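Undergrad: Now for the letters of each chain:
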Amino acid sequence: MEPNNLNKEQDKNSWVLKACTLLSKIRDQSPLIQCITNFVSMDLMANTLLSAGASPAMIHSIEEIQDFTPNIHALCINVGTLSPAWLPAMREAAQVATKAGKPWVLDPVAAGASGFRLNACLELVGLKPSVIRGNGSEIIALSKASIGASKGVDSSHESMGAMEAAKSLAQSSGAIVAVSGAVDIITDGHRIVGAYNGVPMMQKITATGCAVTALIAGFVAVDPLHALEATASALSIFGIAGEIGMDMANGPASLRMHLIDSLYNLDQAAVSSRLKITGL
Amino acid sequence: MEPNNLNKEQDKNSWVLKACTLLSKIRDQSPLIQCITNFVSMDLMANTLLSAGASPAMIHSIEEIQDFTPNIHALCINVGTLSPAWLPAMREAAQVATKAGKPWVLDPVAAGASGFRLNACLELVGLKPSVIRGNGSEIIALSKASIGASKGVDSSHESMGAMEAAKSLAQSSGAIVAVSGAVDIITDGHRIVGAYNGVPMMQKITATGCAVTALIAGFVAVDPLHALEATASALSIFGIAGEIGMDMANGPASLRMHLIDSLYNLDQAAVSSRLKITGL
Amino acid sequence: MEPNNLNKEQDKNSWVLKACTLLSKIRDQSPLIQCITNFVSMDLMANTLLSAGASPAMIHSIEEIQDFTPNIHALCINVGTLSPAWLPAMREAAQVATKAGKPWVLDPVAAGASGFRLNACLELVGLKPSVIRGNGSEIIALSKASIGASKGVDSSHESMGAMEAAKSLAQSSGAIVAVSGAVDIITDGHRIVGAYNGVPMMQKITATGCAVTALIAGFVAVDPLHALEATASALSIFGIAGEIGMDMANGPASLRMHLIDSLYNLDQAAVSSRLKITGL
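Residue numbers (UniProt numbering), protein chains in the order written: chain A, 1 to 280; chain B, 1 to 280; chain C, 1 to 280.
Incorrect hints may have been included.
All copies of an identical chain are treated as equivalent in the list; a pair is satisfied when it fits inside any one copy or across any two copies.
To be verified - Taking lysine to aspartate or glutamate and the EDC-like style, the derived pairs with C-alpha atoms no more than 20 Å apart in a straight line are:
| hint | residue 1 | residue 2 |
| --- | --- | --- |
| 1 | 99 | 164 |
| 2 | 144 | 67 |
| 3 | 8 | 154 |
| 4 | 204 | 267 |
| 5 | 204 | 11 |
| 6 | 204 | 28 |
| 7 | 276 | 9 |
| 8 | 167 | 11 |
| 9 | 12 | 164 |
| 10 | 25 | 154 |
| 11 | 204 | 247 |
Derived by calculation from the structure, the hints in this document are not laboratory data. All values reported here derive from a predicted model rather than from experimental measurement.
From just these sequences and the hints, can you work out the full model?
TA: Here it is in structure tokens:
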């Protein structure tokens, strides 16, 4: 094997080992993941975390944050069906998590859909999330702090077109930034990796983006010091579950079912043969 | 062929063409459908719209209406889990949509279950929806402006028994009124058509009524000037997806999955062989 | 047959007859079950009730209680995604139901997760629920009136370890208390029965606990004077549906689908061959 190919092979093996190790840790430790999330995604998000081995808790009331949040292993905040009443609890949960040294992950759904939403997302970005995951339009909206880049919750930008925005946002926020798309891009503002797993039909299932953000929280929970690796691993693992599910699916609804079943059953052989993460 | 049968055949062909054309338009244009809806239905409603090719956005906060609603292609308002806090946003979204010339569709879930709910629905009816879709009990409650006609969210009236109520409501409101049932009835207050597709087990899946209302919004979005035809087409298309799904289903949960898959895969041949819409 | 075995056989036959009779009654009478429940569970809870033959209504607004709640057949209150705004309606619905002689069932999700949540649950317990169903950690938290016994929404206690707590809670509250687990325990504070149906993977599906609590409400609705028997029957019926579903499942998501389908199709032969309820 050529030295360059050898490096690539080693690199691939190292990512497979990383992803499998983290998935095993989730199954062994069953980390408690608090999700303050939108109404649409709660079911799929909880089932995604359960299938991966984590323990989800959809607890969003500000009255519970001080008692509950210090006991979690990671927090996921998603602004999908945002209203002013929910924002104080998101803010407080982020602060309590940070103070307790627990990682937290932000999903800035439709960040550019309104001024209210953009300001809420920018404020949350300022509260030091460990990871921010969105689609191209959302990351561009956050990076430029401007509305109008997105059409609703679906992206009108390819992930590759948001690479500079992602780097810039990662540098200014200190968070790992992930952009979902045909290729998922993950960056800490300097290093950039691409995760290539997944199938297009996953975008025809509501809340798959939200669900993978929760899964990132699960992965970061068991390896908080390597958030970039944990994020890329979660994105690939979810994508692989989608690929395996797609082999059995007849449409978006059966894909959703098979994706969750596949995530539950995922083994090292499947990860090893399918995982594709590379430096960009 | 006898002249009368020839007319019927032409009529059928014209409905098939209409329904297929609208479905193609949704798939091509991916209209943005804002849904202010109940908590139970959000998942199925979003997945129904995605499977049909539309882009759903569950954005319900009054703070976002002025920025977001002018950019949508149609609005769906559903009062299923109504609370006073949500009503102002429903009102404002309906007004902004109307002012921007965007069609909007009302689902008066359990309209007769309480005075609060009935009054909210009547107020929304006064804001000029393009289409109102309910079951027999809901349309009767709205038409008579009286509570007690319905037992919870399930209808205690057949759609045919609500025909006069539907005509009367259509005339007084200016909306197209659709009554779901074994036969779906659609009227503008003068003309009445019946849509015969669907299977009884669809009523054993929660939120199928809500989902078809959202689908109507998708169809009206791509043909706002022919709301009666768009509404009848959406009801038949959803019913046909249910019929095809039923061939593979073992119960309500597998029917739900196959229905969504079938909607995603629906082609002209299936519509042509199954669609049944006639004048009444 | 030995006299002792004969008694056991008679006992088993009597439970089979009880469970089948109640399920038939639900299918015949379609009782109206009001659910004030968490956002995560609404879909599965409604579909569980529909598949069993009941008519669910997720109506939670305090403005509707006086009009609507007197017409229901049973009420289910679940505190999963509790916030202060929802508590007054829960309180009022419980009071109106009790005053109207309608049974109501409490699901104290994650009762020990915070002081706010524990106090809310204890207050609801004081409003005389007919049945309380939780996991081991939740029943212990309620019985000891102390937080910290539970890790999020998943139990860290086996049901058997909560037996004394369940008896004590039943005695102090006057409610039937059910503890879900590998064995479901049901007690009125004196008599204790165990229900053995179900499969472990049901815990990997979000909201199965919530769903079975709603099913208990359905069973108690058609036999309010025998709440212990109705509760044990509902737990076994749901467990049997899970067992049958498990024979066809490849993971948690397909199990969820097959469970609901199986509940819909459940017949006396399956109940007779699988049901296992015994005195403890």
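Undergrad: All the hints need checking, so say for each whether the structure fits it.
TA: The hints, checked one at a time:
no., hint, verdict
1, 99 / 164, "neither (30 Å within a copy, 38 Å between copies)"
2, 144 / 67, "between (36 Å within a copy, 18 Å between copies)"
3, 8 / 154, "neither (34 Å within a copy, 42 Å between copies)"
4, 204 / 267, "between (26 Å within a copy, 18 Å between copies)"
5, 204 / 11, "neither (32 Å within a copy, 34 Å between copies)"
6, 204 / 28, "between (32 Å within a copy, 14 Å between copies)"
7, 276 / 9, "within (11 Å within a copy, 55 Å between copies)"
8, 167 / 11, "neither (22 Å within a copy, 58 Å between copies)"
9, 12 / 164, "neither (25 Å within a copy, 54 Å between copies)"
10, 25 / 154, "between (33 Å within a copy, 18 Å between copies)"
11, 204 / 247, "within (16 Å within a copy, 23 Å between copies)"
This entry does not satisfy hints 1, 3, 5, 8 and 9, going by the numbered hints stated previously.
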